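Whole structure, please, built from the sequences with the hints as guidance.
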Amino acid sequence: MADVATVVLTGIGLFFFLAGTAGLMRFPDTFSRLHALTKADNLGLGFIALGVAFQAATWREVALLALIWALALLAAGTVSQLVARAALGEEETR
Amino acid sequence: MTLWLSFVAAGVLASLAGALWRVWRGPRRADRMMGAQLVGTGGVAVLMLLAPLGSWAALDVALVLALLAALAAVGFVKATSPDGAGDPEEEEETPRRKADG
Chain P
1 MADVATVVLT GIGLFFFLAG TAGLMRFPDT FSRLHALTKA DNLGLGFIAL
51 GVAFQAATWR EVALLALIWA LALLAAGTVS QLVARAALGE EETR
Chain B
1 MTLWLSFVAA GVLASLAGAL WRVWRGPRRA DRMMGAQLVG TGGVAVLMLL
51 APLGSWAALD VALVLALLAA LAAVGFVKAT SPDGAGDPEE EEETPRRKAD
101 G
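Chains P and B are the protein sequences, given in the same order.
Take the first sequence: its position 6, counted from the start at 1, is 6 in the UniProt record's numbering, and no numbers get skipped.
Take the second sequence: its position 100, counted from the start at 1, is 100 in the UniProt record's numbering, and no numbers get skipped.
FYI, nobody ran anything at the bench for these hints, they're computed from the structure.
From a predicted model like this one, the values you see are computed outputs, not experimental measurements.
Careful: at least some of the hints might be erroneous.
Reference listing, derived: stretches of chain P covered by chain B, where coverage requires no fewer than 3 residues with Cβ under 8 Å from a Cβ of chain B [stated by the list, open to error]:
1. 5-19
2. 23-30
3. 36-47
4. 61-73
5. 82-88
From the three backbone atoms N, C-alpha and C, an ideal C-beta is built for every residue, glycine too.
Here's what the structure looks like:
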């Protein structure tokens, strides 16, 4: 049962990762790319962490996975704000 | 199960390749920084996936990599605007060094 959950959840995580990367490559404007990037970061990583948590033997790994995902959430949120502000000042070059 | 986890890890590495393409092509510095940040997050994801295959110590490495990816972006922001605040309202008084496109 745990293996099925892992397969399904990591599959969803991979889907979001690829969707985020496709968005990062395809979107026309810097800020829309930033939008796609944070999706890949938060959702893709979150589902992969959830999927791998089912494989964890002890509770330490599950706690560590949750910690990594929480850090990634915070980091992605603040970093995209900072990068967007840094990019705001530069001249609009395609 | 190991086959599936390795397959998903390979998929995430493919998304890393997309991020590197963005780093190479990105017209502006912010795009390149975004690509670098996705490489960091992709690395964390791969480490997480390989943890059950190899040793669970990879999770600690993933934690450190997630932290370093965030600090790299902070370094980038500090480089573009001297005081690093990057606050558009406050930019008027201090004319910022024109960052190259």
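Cross-check of the supplied hints:
{"no.": "1", "hint": "5-19", "in the structure": "holds (count 8)"}
{"no.": "2", "hint": "23-30", "in the structure": "holds (count 3)"}
{"no.": "3", "hint": "36-47", "in the structure": "holds (count 5)"}
{"no.": "4", "hint": "61-73", "in the structure": "holds (count 7)"}
{"no.": "5", "hint": "82-88", "in the structure": "holds (count 7)"}
Consistency with the previously given hints is maintained throughout, with no hint failing.
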